[in-house]
Amino acid sequence: MVKKSVDPKLLEILVCPLTKGPLRYDAERQELISDQAGLIYPIRDGIPIMLVDEARPIKDIVAGDPPATPQPTGRP
Amino acid sequence: MPDAMTVFDRRVLRLRRDRAAATLAGHDFLYREVADRLADRLDDVRRRFLLALDLGCHTGTLATALRGRGGIETLVNCDVAPGMVALAPPPAVAGDEEALPFADGAFDLILSVLSLHWVNDLPGALAQIRRALRPDGLFLAAMLGGQTLKELRQVLADAEIAAEGGLSPRVSPFVGVRDAGNLLQRAGFALPVVDAEVITVSYSDPLRLIEDIRGMGEANVAIERRRQFARRATLFDAVARYRDRYADDRGRIPATFQVIYLTAWAPDPSQPKPLRRGSARSSLAAALATPETPTEGAGGAG
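Going down the list, the protein sequences come from chains A and B. Here our numbering is used: the first residue of the first sequence is 1, the next is one more, and so on. Here our numbering is used: the first residue of the second sequence is 1, the next is one more, and so on.
Next up, chain A with everything else stripped away, as it sits in the complex (with noise of 0.2 Å):
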């Protein structure tokens, strides 16, 4: 099944609903992550969920992520 992809229109509307600060999209792993609060929205067939109580923290996937992704803080 391919995953259906966010809607790019939401992309460039959507911020942070506790920081209202910009969100990096990571289109791999389907996620929108704060950097400003620390916490990673996930994207569900193509709905982005902007909810803080669905969010986990980023430090979740540098101390819990197995090194699937050679380089996790590569990004600019």
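Calculated from the structure, these hints are not laboratory results. Since this is a predicted model, take the numbers as computed values, not measurements. Backbone N, C-alpha and C define an ideal beta-carbon position, used for all residues, glycine too. Certain hints may be false.
One-sided excerpt, in silico: chain A residues whose CB lies under 7 Å from chain B [stated by the list, open to error]: (1) 8; (2) 9; (3) 13; (4) 47.
Fit chain B to the supplied structure of chain A, relying on the hints for placement.
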């Protein structure tokens, strides 16, 4: 620990809506009716809207009502319940009215059908809505007002006092018409207009009404609600009281829904504004062709 401002449990609201999403179609007549009425109002605004938002979209009822109308190019559907959003047409996003995930000036138009009555901090939500609008952007919303379900509230209160000697909040508190106008102004909107209408729905049975309320995911989410359901006996007593007091000669009972419509604009220099006091150049007396009678002690505008 909830503070004094937190009346509604947004988590419970989300769960209710998520659960209601799949079977909403059987119970959403009120959303559809009000969505149609809001769409009619939007038709009266002669304008194109490139990007619009339906805040609290449920399963996209307003998008259906608007199809091809309202001068909207793209409508973003947003609801606090991911289960509802999943059924709404794209582009869609899960977001909370109390913490909007949208950039300043993102939208030309923000709409909302029967969702804002669950917001704890309505002034805060309205301020966020205004910020998410472009200058001269339009906010057009329908929310449930203070007279909503007045019959049900009365009989539930009477039955509960009779049976249990006390009263717990069974139906959520609603905002009044005058409050809504003040709140729009406080949130920094220009040209706010608030009006209300009453929709009376006729039911064969009070229990059907209660089914519909639950089916819409609209059951009470007030934090002070009691954790257990009303006792069966109390509920049946309330139903009997509802019939006794309100049934017409065919045995049908009415249920009142008050809908408050909010219309307001994000401020823009192009909008009409009242002139400064005392800046008038022609006298009212001349316009009315009556002799001018100067008032004692008042600095007349002339």
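Structure versus earlier hints - violations, ascending order:
1
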